[in-house]
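Residue numbers (our numbering), protein chains in the order written: chain A, 1 to 263; chain B, 1001 to 1238; chain C, 2001 to 2236.
Keep in mind the hints are simulated off the structure, nothing from the lab.
Ideal Cβ placement from N, Cα and C applies to all residues, glycine included.
Treat the hints with care, as some may be off.
Stated by the list, open to error - Computed far set for chain C versus chain B, every beta-carbon distance over 12 Å:
no., residue
1, P2075
2, L2177
3, R2217
Stated by the list, open to error - Below, simulated SDA-like cross-link-like pairs (lysine to any residue); rule was C-alpha separation at most 25 Å, straight line:
no., chain 1, residue 1, chain 2, residue 2
4, A, K22, C, L2158
5, A, K182, A, E104
6, C, K2128, A, S8
7, A, K230, A, R91
8, B, K1234, C, N2066
9, B, K1176, A, P43
10, A, K22, C, L2224
11, C, K2120, C, E2142
12, C, K2120, C, I2132
13, B, K1223, C, D2036
14, C, K2120, C, R2159
15, B, K1065, A, S99
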Amino acid sequence: MSIPLVPSLLRAHLAELAAEDKRHDGRDRFEARDVELEINCLPRAEGSARVRMGDTIVLAGVKFQIMTPYPDRPNEGGLMCSAEVRPVAGRNWEAGPPSAESIELGRVVDRGIRESGCINTEDLCIIPGEKAWQVILDVFAISDDGNLFDAFGLAAIAALRSATVPAERFEVGEDMPLEVSKTPIMCSYHKVGGRFVYDADKREELGGDERIHITLGDDDHVHSLQKGLKGIFTAAEFAEINNEARSRCAELRDLVNNALEGE
Amino acid sequence: MGGYGDVQCIDENGIRLDGRTKDEVRPVHIETGVVPVADGSARMTWGLNDVIAAVYGPMEAHPRKIQRQDRAVLDVRYNMAPFSTTDRIRPGFNRRSREISKVTAEALESVVLTELYPRSKIRVEIEIICAEAGTRCAGITAASVALAHAGIPMTDMVVSVASGKVHDIVVCDLNKEEDNYGEADLPMGILPNTGELVFLQMDGDLSPEQFQEAWDYNMEAAKVIHEEMVRALKGGDE
Amino acid sequence: MKGRSVARPDNMSGDKGAGGPRGSRQAPLLVAPGDDLGDSGELEAGHGVLAINGRLRALKQGRMSNRDGTVSIEPRRTAYVPRPSDLVIGYIEGCTSNIWFIDIGAPFNAILPMSLGPSKAEFGGIRKILDIGDAILCRVQEVEENHSSVVTMKGMGLRAIRAGSVEDIDPHLLGRLIGRGGNNLRQLKEDTECRVIAGDNGRVWLDGDLSGIIDARDRLNALLTEAKVEEYRGDA
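Next comes chain A alone, as it looks inside the complex (with noise of 0.2 Å):
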C-alpha cells in the first residue's frame, strides 16, 4: 500500500466538526453505514459471504482439504485465515509483497476468529494420526471505503458459519455443517478530530489517527483487542467504546443469524 498524503485542510476540518459533534457525510458518532451480508454467495467454496458497508465490499470463502494431523497432536485438524487486499480496491493498493497494514489486518482477523475458540479443532478430526480436515479462510476486499478490519471480521464468521463438511466429496463420509460454536464480532473505533467513531469512512481514515478493534462473542466475553496507529487513550475513551461494541456487536450477529435461517 502506498501511504497516501494527509491533507492538513482535512484534519482540521475534521477536529472541526467534532466539536460539534458532527461528522463529514452526516452521521453520527456511532451510527453505522448501511450493512449488506449475503451468505452462500460462491458456488465453488463451501462457506461463503459477502460484505458490503457503505462502499466497502469485501468477500470470504471457506474450503476444505485433507491434512495429515502434525505428530505431536494427532486429534487435530487445522484452522488457516488467509486476508488479502488485493489492488483492486483501492488506488492506494499495489501490486507486490503484503503490505504492513495488509499483514495486521490479516492477523487481527486471524486472531478474532481463532482466539474466540469458535472452531474446536479436535472436531476436524478424521482419523486420529491419519486424517484431519483442514479449514481454509480466505477474506479479500474487493472496494475500500474505510473500516476494512470489521468488514473482513464480520465476512470471515458469516462465511464460517455457511459453511458445510464435503465430506461426499473426498469420500469420508456425509455432508455436515460445520461446527462454529461462537460468533464473535469485530468492531473498530477511529480517533477523527479527537475523539472516536464507529465506522470510519476512507476519508475519515485518511484525516484520522489512532483505531482500536474490539472483537467480542455472545454474552460480550472480550475475545481480541488492538490498537493500530499512532496516538494516546484513555481508560474512560476505552469504556465508553467498548461499551457502544456490546450493542452493536450484537446488533450485527443477529444479522449473521438472519441470514443463516434465511437460508
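Given the coordinates of chain A, assemble chains B and C onto it according to the supplied hints.
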C-alpha cells in the same frame, strides 16, 4: 487435454452438458460500477464465471522503469481468487496469471489511445471470483467495459470468447468439461465494430474446415456478448 | 498516428475544460466506445470522437451531442489533464530546498518553484512557507510536452488554503456546477453564505461557517447524484 473417460460432452441429439446446442453462447450478464471506489469497474457473469474488473488512472507510472516517454502503459493484473475453483488456489505468484496479464495488456493496448497520456499508467485489475472455462476471455471483456466506464478513450472495445472441439464436433464457447476434456481451444479477442483481432491463441487439433467453423462461432458469439456490454454501459450502474 | 486527426482534451471544439459541451443539446444519444457516429466529411470530431477512415467513431461512453456539425461526447468520467491558465487546487506532496511538488489530481505532479511561490525563504526554510500536506490555490503556468506542469501562486487571489474544506467532483461536471454565466455557482454562494471556488481540476473549495460548508457539501452531493441519474437518460 486428456481423454474423456465417462464424460459425454455432447449427446446424440446435439445437446451439451449445460443444455446448449453447439452454436450457443453461455448466458451472459454484465453490470458496471461494482467497485464503487474505482475510476471504472465492471462485473461479468458468464456461465458460472464471475469476474470483476476495475480501472484506476491514468496516474503517474511507478516504478519508473515501467514508464514510457511517448505513451501510457497498461498495468494489468489478472488474478484468480483462492475460492474461485473447486480445489483452492494458493495466493501468490503464478506463471499462468502472469502470462494472461501480459496478453490481456497487449490486447487492450491495441485499442486504448495511450498516446494521450505519456509517462503515465492505467491500472487494470482483473479478479476471477468464480471460474468456469474462458476466464482469460472474461477478463479481457470485463476489462474493456471497465475501461469504457472509466472514460478511458478507446477506438473500440475488445470482446473475447473461446470456441473449440469436442468428440470431433466444433462447439461455440467452451464450458468447463469441454475445456478440460476437449480436443481444441481457440480463444480470440475481437473488435466488434470492424471484426479485427487483437488477441489470438490456440491449442489442440483442428482441420482447416473446423478451424474456420470455430473462428466463425467466435465472431458470432462476440456479437451477442458485445450487445450485452453496450447494454450494461448504457443502462447505468446497478 | 499517421492519417488521423486526434481529438485531444486540449484541441476540442472550443469549449473550456476537458468535459465537453455545456449548454443546450439536441436529442442526446447514448454511445459506447467503437460506435460509428457518421461521415467525417460532413461532421467535425469534438471531445471523445475520432475520425478514422472517413468515419467518426466514439472513443468514450456517454451522451453524444451534435452542436453545429461538431459531434462530441459527454463522458461519465474524465481524467483531469492540465492546460495553461487552469485554476487548480493542489496539495503539497514534497519539496526540495527550492521547489514544491504539487498533487493537482493529474497523472503527473506539478512543480511550484520558489520564485513563483508566495514568498522567498532562506535556505532550509522552505517548509515554513508551505509544508507537506498544505493546500494551495494556484494557476497552471505551463505544460511541457510530456504533460508535467509548472504552477504559480503569483496572481490575483492565489494563496494557501488554510480553512474550510476541499471536495472532489469530476471535471466534466464543473459546467453543471457553475451554470450558464456562472448562475448556479452564484446561487450556491448566496444560499450557503460560503466562499466557493471551483478549480479546473475538479476540486472545489468551500469556506465559511461550518453549517454553511455542510450545506454547500450537501448541495454538491445532490448535484453529483442528479448527474449520475441523468447520464443514462436519453435515446438509447
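Evaluated hints:
{"no.": "1", "hint": "P2075", "verdict": "violated, 4 Å"}
{"no.": "2", "hint": "L2177", "verdict": "holds, 18 Å"}
{"no.": "3", "hint": "R2217", "verdict": "holds, 19 Å"}
{"no.": "4", "hint": "A:K22 to C:L2158", "verdict": "violated, 30 Å"}
{"no.": "5", "hint": "A:K182 to A:E104", "verdict": "holds, 23 Å"}
{"no.": "6", "hint": "C:K2128 to A:S8", "verdict": "holds, 14 Å"}
{"no.": "7", "hint": "A:K230 to A:R91", "verdict": "holds, 23 Å"}
{"no.": "8", "hint": "B:K1234 to C:N2066", "verdict": "holds, 18 Å"}
{"no.": "9", "hint": "B:K1176 to A:P43", "verdict": "holds, 14 Å"}
{"no.": "10", "hint": "A:K22 to C:L2224", "verdict": "holds, 22 Å"}
{"no.": "11", "hint": "C:K2120 to C:E2142", "verdict": "holds, 21 Å"}
{"no.": "12", "hint": "C:K2120 to C:I2132", "verdict": "holds, 17 Å"}
{"no.": "13", "hint": "B:K1223 to C:D2036", "verdict": "holds, 15 Å"}
{"no.": "14", "hint": "C:K2120 to C:R2159", "verdict": "holds, 14 Å"}
{"no.": "15", "hint": "B:K1065 to A:S99", "verdict": "holds, 21 Å"}
Comparing the model with each earlier hint shows violations of hints 1, 4; every other hint is respected.
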